[in-house]
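Student: Sequence:
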Amino acid sequence: MYVCLCVGATSQTVSDAVERGASTSKEVAAACGAGGDCGRCRRTLRGIIEATRNLQHAS
1 MYVCLCVGAT SQTVSDAVER GASTSKEVAA ACGAGGDCGR CRRTLRGIIE
51 ATRNLQHAS
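Counting from 1, position 46 in the sequence shown corresponds to residue 46 in my numbering; the numbering is continuous, with no gaps.
Worth double-checking, as some hints may not be accurate.
[As the list claims (entries may be wrong)] Here are the computed lysine to aspartate or glutamate pairs in the DMTMM-like style, where the Cα-Cα straight-line distance is at most 20 Å:
(1) 26 x 50
(2) 26 x 16
(3) 26 x 37
[Unchecked claim] So the derived label-pair ranges between C-beta atoms look like this:
(4) 57 x 12: 24 to 34 Å
(5) 59 x 37: 24 to 34 Å
(6) 38 x 58: 26 to 36 Å
(7) 1 x 39: 32 to 42 Å
(8) 30 x 50: 17 to 27 Å
Rather than coming from a laboratory, the hints here were simulated on the basis of the structure.
Where is the CB? At the ideal position from N, CA and C, for every residue including glycine.
Could you put the whole structure together from the sequences, leaning on the hints where they help?
Tutor: The following block contains the structure:
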């Protein structure tokens, strides 16, 4: 699913950035562009960051 329409970033793109070490919405923006323009998706980005972290800790 697209989470950032400004750059066409999907939830998988964001998850991949988090798996590579991004831990804030600013770091995600630096890694893949999501959240770097208008900012409307930042709440969703934070949710994906949290969910991905939880999955990493559960493994």
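Student: Checking each numbered hint in turn, tell me which of them this model violates, lowest number first.
Tutor: 4 and 7
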